[in-house]
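**Q** Here is what each chain is made of, one letter per residue.
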Amino acid sequence: MTSSTAETLEPGARRSDPAVSLVGVTKDFGQVHAVRGIDLEIGTGEIVAFLGPNGAGKTTTIDMVLGLSRPTSGDVRVLGLEPRQAIARGLVSAVMQTGGLLKDVTVRETVQYTASLFASAQSVDEVLRRAGIADLADRKVGKCSGGEQQRLRFAMALLPDPALLLLDEPTTGMDVEGRRAFWSAIRADAERGRTVLFATHYLEEADQYADRIVLVRKGRVVADGSGAQIKGLASGRTVRATVTRPDTDALAAIPGVDTVDVRGEAVIVHAKDSDAVARYLLNQTDARDLEIAAKGIEEAFLSLTGDDDEPEGALA
Amino acid sequence: MSTRMNTQTIDTSARRVPALGGFNPTMLGIELRRMLRNRRTVIFTLIMPVVLYLIIGTNDTYGTDRAGSGNVSAYILISMAAYGAVLAATSGGAMVASERALGWSRQLRLTPLSPIAYIATKAIVALAFGGLSVAAVNVAGKLNGKAEMSTHVWIEAALIAWLGSVVFGAFGLFMGYLLPSENVMQVLGPVLAGLAALGGLWFPIDASSTMGHISALTPIYGLAQLSRWPLYGGAPHLAWVLNLVVWLAIFVGGAAWRMSKDTARV
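Just so you know, the sequences run in chain order A and B. Residue numbering for the first sequence follows numbering that gives the first Met the number 0, beginning at 0 and increasing consecutively. Residue numbering for the second sequence follows numbering that gives the first Met the number 0, beginning at 0 and increasing consecutively.
For reference, chain A alone in the conformation it holds in the complex (with noise of 0.2 Å):
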């Protein structure tokens, strides 16, 4: 019997099956498209963050993935199995945003019988030492803080040791202090090769812990790549100017701008080569009032997924 399949991952392990995947898949409410055409391939072993503004369709993608929801079209798999099936045999396990917990029954008596309902699962003392919450056990779920109780959610996670870890917005509403313990929790626990997808909006949190990152805007991918790529949207700079009548399709054909906005008189223009911009505008346009500024890494994330319709600056 395997009692404890934990030994046997090992980082950077790689199957046949990626551990999520995602093709072609879209999501309607009636006349609302929460997801566009989301194609998606996560390996075995990854962290991966799925960073976007609310409402960009990460918690109904994450849905999804497990089950909960069933795609308007499109295949989700994990593991090569159907969600449900995949949660059947415990190998997907979700801390979720608003997953609620009995307020009248102990977090020992949460574990345990979130753990009778799996055919094997880790030991109770267990899971909830790794989640640092051995000295609660005997507490009422309802007089525990909200760091606790989402502690005490990825002590439930974390039982029937599962292959793939969602996390969707786990932070939200942790202190500094809190949210730092959560994530030194799930650090040491990815070390043993677990796949970790969460979802956040915050960038500091997607660079600081994830391997990979994926941007998504609007039900759409619109940027894939490490923290370093992600953060390497924001090398460009940001140039102001007040003009009378701006043109903004020959601003947006100026190679390397990705956004141009026009506001009253003001034109601002996010460019790679802000020379170049610069140029145009004093040589070509009654531009005055010129200022050229560095962006910085926020206002990068916010012209990714800012709710305009700029060209989407998709990294390969």
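None of these hints come from the bench; they were simulated from the model. Mixed in with the good hints there might be a few duds.
[To be verified] Short, incomplete list of chain B residues facing chain A, as computed with Cβ under 10 Å:
(1) 18
(2) 65
(3) 68
(4) 98
(5) 101
(6) 102
(7) 106
(8) 189
[Stated by the list, open to error] Heads up, simulated SDA-like pairs for lysine to any residue below, C-alpha to C-alpha not over 25 Å straight-line:
(9) 102(A) / 41(B)
(10) 260(B) / 283(A)
(11) 142(A) / 28(B)
(12) 102(A) / 34(B)
(13) 230(A) / 207(A)
(14) 139(A) / 260(B)
(15) 102(A) / 84(A)
(16) 102(A) / 182(B)
(17) 102(A) / 181(B)
(18) 260(B) / 271(A)
[Unchecked claim] Example chain A residues on the side facing chain B (calculated, C-beta under 8 Å, incomplete):
(19) 42
(20) 46
(21) 111
(22) 116
If you're wondering where the values come from, they're calculated on a predicted model, not measured in any experiment. Ideal Cβ positions, reconstructed from N, Cα and C, are used throughout, including at glycine.
Model the placement of chain B on the given structure of chain A, informed by the hints.
**A** For chain B alone, coordinates are given in the frame of chain A:
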């Protein structure tokens, strides 16, 4: 496929699905403890029917007045036991309401627990609580000593009240799926009191009156009549059995319908 140690992958084919859809005694035990720990539920379903019987059913007149092969105290004892079973079974079924409101049902969907195993657990908890409630009223009645009926009537009436309460376990489930709130019993309590009056649990209703015809269509009527049938003997009326079966079908159908809506949407 059975490579062991130091292999790099989880052998997905080695992972098993739990037997019985995840149904197990540990979960059942925790669920029963939860219900016993809930002071409001205990007062409402175990203590209140006993108190009602002792107040209503044990005066001297009822001790001497006859009802079937026993006395009126026995008649009221059976009625209150049935009422307690109805309350307890409904509370048990209605637990799904608070679990849905809290998001626990959603959490459970991240485990292998099948919806049928979940419902089976709730049904067993509901029946166990119904049984406790019936036992409480009967033990109190025995100790109090006013109720008179032969032993087989005691046992048969208690068994019928208990098993018939499964109708209300299904009712609780249906309402639990219909009204996702943490305190659904605050709504259902008064509703059940009204239905108990209409069904003839509080006071006898003349079967030939208009009220009697209405009463025969309400959900507690069948259970009330069948529970008291051992006291009177003879053959049970088809209408009683029909009432019980039809309402059971309606509530089970309603619960199944709401549940399928629920799992499709989540």
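**Q** Now tell me, hint by hint, if it's right for this structure.
**A** Each hint, compared with the structure:
Restraint check, residue 18(B) versus chain A: the minimum CB separation of about 8 Å is within 10 Å; hint holds. Given the 10 Å rule on beta carbons, the hint for residue 65(B) is violated: about 46 Å separates it from the nearest Cβ of chain A. For the restraint placing residue 68(B) at the interface with chain A, the shortest Cβ-Cβ distance is roughly 44 Å, beyond the 10 Å limit, so the hint is violated. Using the Cβ-Cβ criterion of 10 Å, the hint placing residue 98(B) at the interface with chain A is satisfied: the shortest such distance is roughly 7 Å.
For residue 101(B), the interface hint holds, since its Cβ comes within 10 Å of a Cβ in chain A; the closest pair sits about 4 Å apart. Interface hint status for residue 102(B): upheld, as the beta-carbon distance to the closest one in chain A is roughly 2 Å, under 10 Å. Below 10 Å, beta-carbon pairs count as interface contacts, and residue 106(B) has one with chain A at about 4 Å; its hint therefore holds. Given hint, residue 189(B) at the interface with chain A, is violated; its Cβ is 24 Å from that chain's nearest Cβ, farther than 10 Å.
Between residue 102(A) and residue 41(B) the alpha-carbon distance is near 18 Å, which keeps this suggested pair within the 25 Å criterion. Between residue 260(B) and residue 283(A) the CA atoms are separated by roughly 62 Å; this puts the pair beyond 25 Å, and the hint is violated. Restraint check: the Cα-Cα separation between residue 142(A) and residue 28(B) comes to about 22 Å, which is no more than 25 Å; the hinted pair holds. Among the hinted pairs, residue 102(A) with residue 34(B) is consistent with the structure: their alpha-carbon atoms are about 13 Å apart, no more than 25 Å.
The straight-line distance between the Cα atoms of residue 230(A) and residue 207(A) is roughly 12 Å, inside the 25 Å bound, and the hint therefore holds. Between the alpha carbons of residue 139(A) and residue 260(B) the distance comes to roughly 32 Å, so the proposed pair goes past 25 Å and is violated. With a C-alpha separation of about 29 Å, the suggested pair residue 102(A) and residue 84(A) falls outside the 25 Å cut-off, and the hint is violated. A hinted pair counts as satisfied when its Cα atoms are at most 25 Å apart, and residue 102(A) with residue 182(B) qualifies at roughly 14 Å.
In summary, the hint linking residue 102(A) to residue 181(B) is supported, as the alpha carbons are separated by about 11 Å, within the 25 Å threshold. Under the criterion of a C-alpha separation no larger than 25 Å, the hint pairing residue 260(B) with residue 271(A) is inconsistent with the structure, at around 51 Å. Checking residue 42(A) against chain B: minimum C-beta separation of about 11 Å lies over 8 Å; hint violated. At about 16 Å, the closest approach between the beta carbon of residue 46(A) and any beta carbon in chain B exceeds 8 Å, and the interface hint on this residue is violated.
Checking residue 111(A) against chain B by beta carbon gives a least distance of about 6 Å; that is within 8 Å, so the hint holds. For the restraint placing residue 116(A) at the interface with chain B, the shortest Cβ-Cβ distance is roughly 4 Å, inside the 8 Å limit, so the hint holds.
In summary, the structure is inconsistent with hints 2, 3, 8, 10, 14, 15, 18, 19 and 20 from the numbered list given earlier, while agreeing with the others.
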